[in-house]
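**Student:** These are the residues of each chain, in order.
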Amino acid sequence: MKILLMGHPNVGKSVFFNRLTGANVIESNYSGTTVDYTRGYMSLDGKEVEVVDVPGTFSLDPKDRAEEVAVAMLKEAKDAYVICVIDSSKLERGLYLALQIMEEGYSVIIALNMDDVAEDKNIKIDSQKLEQILGVPVVSTIAIENIGISKVISRLKDAKPVDVEDITVMRAGMNHRGKCGCT
Amino acid sequence: MAEKNNFVMICIAILGLVTVSFGLADILVSAGGDVTGLSILEIPGDMFRGGWGGLIVLFAGLFYLSGCKNVAEVHNASKVAIGSVLIWIMAGTDIFAMITESIPGGEDGPWFNSLSGFLGTYAPPYAPAIFLLPFSLVVVYYILKQERAR
Amino acid sequence: MKLNPDERWDLIDSIASHVVTYGEYRHTLKDAIGELTVKPMTGIPIAIAVMYCFWSVFGSFAGTLCTDGFFVKLFDGYWLPWLQEVFPGKGGWLYSILIDAGGMTNGEFILSDNCFEAFGVLTSGLFVAIGVVLPAIVIFYLMLTLLEDIGYMPRLAVLIDTVLHKIGLHGYAIVPTILSLGCNVPAVTATRILETRKQRFIMMTLLAIFIPCGAQLGIMEEVIPGLVGYVLLYLVIGYFIFGFVLNKIVPGKSPEILIDVPQYQKPMMANVRRKLWMRVSSFFKVAVPFVLLGCVVVNVLYLVGFIQWLGDLLAPVFVGWFGVPKETAGPLVAAFLRKDLAVAQLSVIEMTQYQMLSAVVLVSIYFPCVATFAMMLKEGWKELIGSVAVLAVVVFLYGGIIHLIGKLLGVA
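Order-wise, the sequence lines are chains A, B and C. Sequential numbering of the first sequence, starting at 1, is according to the working numbering. Sequential numbering of the second sequence, starting at 184, is according to the working numbering. Sequential numbering of the third sequence, starting at 334, is according to the working numbering.
Treat each hint with caution, since some may be false.
[What the hints assert, rightly or not] What follows is a list of derived Cβ distance ranges for each label pair:
hint	chain 1	residue 1	chain 2	residue 2	range
1	C	T529	B	A306	37 to 45 Å
2	C	Y355	A	S43	37 to 45 Å
3	B	Y305	C	E368	33 to 41 Å
4	C	G422	B	G215	27 to 35 Å
5	C	K581	A	D61	54 to 62 Å
6	C	I570	B	N188	46 to 54 Å
7	A	D61	C	V721	31 to 39 Å
8	A	E145	B	E256	23 to 31 Å
[Said to hold, decoys possible] DMTMM-like mimics (lysine to aspartate or glutamate), calculated; alpha carbons at most 25 Å apart, straight line:
hint	chain 1	residue 1	chain 2	residue 2
9	C	K363	A	E104
10	B	K252	C	E712
11	C	K363	B	E330
12	A	K63	A	E76
13	C	K363	A	D116
14	A	K90	A	D61
15	A	K2	A	E104
16	A	K157	A	E145
17	A	K129	C	E712
18	C	K711	A	D120
19	A	K47	A	E76
20	C	K715	C	E528
21	A	K63	C	E340
22	C	K531	A	E67
23	C	K335	A	E165
24	A	K157	A	D126
25	A	K124	C	D343
26	C	K581	C	E368
27	A	K90	C	E340
28	A	K124	C	E357
[As the list claims (entries may be wrong)] With the C-beta cut set under 10 Å, the calculated list includes, among others, these residues of chain A facing chain C:
hint	residue
29	T38
30	R39
31	A77
32	L95
33	L99
34	Q100
35	I125
36	I167
To be clear, the hints were calculated from the coordinates, so they are not data collected in a lab. Heads up, the beta-carbon is just placed ideally off N, CA and C, and yes, glycines get one too.
The shape of chain A in the complex, shown without the other chains (with noise of 0.2 Å):
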């Protein structure tokens, strides 16, 4: 089993990386280009997973040659599990990226980093309703203040492939709530 750490720039995934992985940590050389990226072990019930923090990308489809590494990591690894790291703050652009991760049939998982930031913005998101919407976990986290980390690694099993469609449809199931007036 591997996990990928997959987001935009500057939103603490290197952050979040260390306080999976800890210290040994190796920095590889992605062949044939010079991009470097991280990779590190943590235990998961006992056994060692691989944890990649995967270079800062926007989107999937590569701007520059960190983001066509991004992508290629991406696809190289079939299996992977993906936390993707969103900005809070910037909840749009971020689910953007999950999106298409899970149009792909990754198992995703949401971290809502930089909770603290969103706060001061007055931003709240409702990540519980998140969850429903989207049908992967998605967990709130302060990773520079190691708050919600443990809980993402808790609800990795949780994580599953799940059909866009899916989601349209459950979403429009809500509206149709919302409109009697029953949530």
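For chain A, the structure is supplied; the task is to place chains B and C on it using the hints.
**Tutor:** Just chains B and C, lined up with the frame of chain A:
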């Protein structure tokens, strides 16, 4: 409340003026090229600490002055905070330089400095920024308290 | 099922409308401070202060504390005399290469009395690598990592964006530029954050030529403390002039980029420690072998008389065009292997202050070290050849210009 604000404004304005004059003194003295001492105050005379450093102290003073009016407002508070950060940079690098000087024993001496030599490095005179340091700390403490209260 | 971008955004919009609530936006102190560091009027003074802090701490830690405080004493007082004593075959070729090339005065072999002049692999080589470069690199990368993790670097990028547009780059080019002040090798790698081949080529060429690495800065600080400021001034001016020219003549595009500015945050120590360790250790894996190898090669070239020959050959250019003594040819050859070693060698040649300044500037621009060379080759041989061509022109022109300026000022 208004009276209290006025008081704070005057305090910061005075701090700003003192800071500006220290900065100008630094720059002028360095242009002259001599180290000038006034009992416990020493104004550095080299290009780096006096010239560039003086410029930064001057900037710090200008930040204080531009933010002193109505500190309760967040944009002004941030200017005052930045002014203090600049003072910390100046004082911090000065103190760090003293620390690095105080530890080794000198070219012909033993490996480490003697205790008296070690302490002697920290004796006055000090650069202007070090005198400004305590005041800048008070100012930032006030601003942070105000921010938390909001 | 896959969505097209429009469908995806539609879906996101409706999801967001369900799960996100925006409260009244309150401007925090953190936001306001963040803005001040980006606006030019207030941001430039702050940037100056940050650079001052960087430089001051660098000098205090690497120069005053480590190198002058302990390593000079250790190497000159104990290591060098001990090796000179115990190593067999004084004056022999192996002794010259490994320990001390010494000097011949009145037909008598005189030992050097400090590690700058000995030029042995085990003396000067180790002294430069451990005594001078190690502390410089550690403190440099520590502060760079802190600036990155606090979130200052992207703000510096925004601030300098406009200026760098003039030379065909954009704000993020400040990252390889500053990284390069540590070591050119990782900086060449970092040029990948630029989009087009043109931008990467300009960046690589400029940093290989005009940015002195941490090793050089450490040595300069050590041997010519009074001149470092002027050397840097010449290099900065060169960086912009030739950047401007390259932007005009190199074909290709320089696209605009949106810089994403994150919030300030307190750095996480584990993260800082890890990054610092990676940077320092990878620097040492690449650089130290080259310092030592450089010593060997230079010593051998000296012994076989190659450097003398080259110096005589190039003497007219050096003396007439650059206005420096012909002995500087040696260090310039050495500069190909390690630029830092070359500055140390220059320091023992007798010349005027201005000649020293010209020579150090020339060595700085003259050539990237072999390690950088190899990295650039990895990026593409066409780029490498282009850079070398630019380099030849720059050395020739700039060397002449500096000489001319000196002449006009009456100091050369």
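**Student:** Confirm or reject each hint.
**Tutor:** Against the structure, the hints come out as follows:
Between T529 of chain C and A306 of chain B the beta carbon distance is about 58 Å. The supplied range of 37 to 45 Å is therefore violated. Checked against the given bound of 37 to 45 Å, the beta carbons of Y355 of chain C and S43 of chain A, roughly 40 Å apart, stay inside it. Taking 33 to 41 Å as the suggested C-beta distance range, the pair Y305 of chain B and E368 of chain C conforms, at roughly 38 Å. Between G422 of chain C and G215 of chain B the C-beta distance comes to about 56 Å, which lies outside the given range of 27 to 35 Å.
A hinted range of 54 to 62 Å is violated for the C-beta pair K581 of chain C and D61 of chain A, which are about 32 Å apart. The supplied range of 46 to 54 Å is met by I570 of chain C and N188 of chain B, whose beta-carbon atoms lie about 48 Å from each other. Distance hint check for D61 of chain A and V721 of chain C: the Cβ-Cβ separation is about 36 Å, which falls inside the suggested range of 31 to 39 Å. For the pair E145 of chain A and E256 of chain B, the supplied restraint of 23 to 31 Å holds, since their beta-carbon distance comes to about 29 Å.
Our distance criterion of 25 Å between C-alpha atoms is broken by K363 of chain C and E104 of chain A, whose separation comes to about 39 Å. Among the hinted pairs, K252 of chain B with E712 of chain C is inconsistent with the structure: their alpha-carbon atoms are about 55 Å apart, more than 25 Å. As the CA atoms of K363 of chain C and E330 of chain B are separated by approximately 10 Å, the hinted pair is consistent with the 25 Å bound. The straight-line distance between the Cα atoms of K63 of chain A and E76 of chain A is roughly 19 Å, inside the 25 Å bound, and the hint therefore holds.
This hinted pair checks out: K363 of chain C and D116 of chain A have alpha carbons roughly 12 Å apart, not beyond 25 Å. Proposed proximity of K90 of chain A and D61 of chain A is supported: the alpha carbons are some 19 Å apart, at most 25 Å. Using a Cα cut-off of 25 Å, the hinted pair K2 of chain A and E104 of chain A holds, with the two alpha carbons roughly 16 Å apart. Straight-line distance between C-alpha atoms of K157 of chain A and E145 of chain A comes to about 24 Å, which keeps the hinted pair within the 25 Å bound.
Simply put, K129 of chain A and E712 of chain C have alpha-carbon atoms about 47 Å apart, too far for the 25 Å limit, and the pair is violated. Restraint check: the Cα-Cα separation between K711 of chain C and D120 of chain A comes to about 45 Å, which exceeds 25 Å; the hinted pair is violated. Of the pairs offered as hints, the one joining K47 of chain A and E76 of chain A holds, with about 22 Å between alpha carbons and a cut-off of 25 Å not exceeded. Note on K715 of chain C and E528 of chain C: the hinted pairing holds, with a Cα-Cα distance of about 18 Å set against a maximum of 25 Å.
The suggested pairing of K63 of chain A with E340 of chain C holds, with an alpha-carbon distance near 21 Å, which does not exceed 25 Å. At roughly 19 Å between alpha-carbon atoms, K531 of chain C and E67 of chain A fall within 25 Å of each other, so this suggested pair holds. The suggested pairing of K335 of chain C with E165 of chain A holds, with an alpha-carbon distance near 9 Å, which does not exceed 25 Å. Pair hint K157 of chain A plus D126 of chain A holds up; C-alpha atoms about 22 Å apart against a cutoff of 25 Å.
Restraint check for K124 of chain A and D343 of chain C: the C-alpha separation of about 20 Å stays at or below 25 Å, so the hint holds. This hinted pair does not check out: K581 of chain C and E368 of chain C have alpha carbons roughly 33 Å apart, beyond 25 Å. Distance check on the hinted pair: K90 of chain A and E340 of chain C sit about 19 Å apart at the alpha-carbon level, within 25 Å; holds. A distance of roughly 11 Å separates the Cα atoms of K124 of chain A and E357 of chain C; the hinted pair therefore holds under the 25 Å criterion.
Among the interface hints, the one on T38 of chain A holds; its C-beta lies about 8 Å from the nearest C-beta in chain C, closer than the 10 Å criterion. Restraint check, R39 of chain A versus chain C: the minimum CB separation of about 13 Å is more than 10 Å; hint violated. The restraint placing A77 of chain A at the interface with chain C is violated, with a minimum CB-CB distance near 19 Å, outside the 10 Å limit. With 10 Å as the threshold, the beta carbon of L95 of chain A comes within range of chain C, its nearest partner Cβ sitting at about 5 Å, so the hint holds.
Checking L99 of chain A against chain C: minimum C-beta separation of about 5 Å stays under 10 Å; hint holds. Among the interface hints, the one on Q100 of chain A holds; its C-beta lies about 7 Å from the nearest C-beta in chain C, closer than the 10 Å criterion. Below 10 Å, beta-carbon pairs count as interface contacts, and I125 of chain A has one with chain C at about 5 Å; its hint therefore holds. Here the hint on I167 of chain A is kept, as its CB sits about 7 Å from the closest CB of chain C, short of 10 Å.
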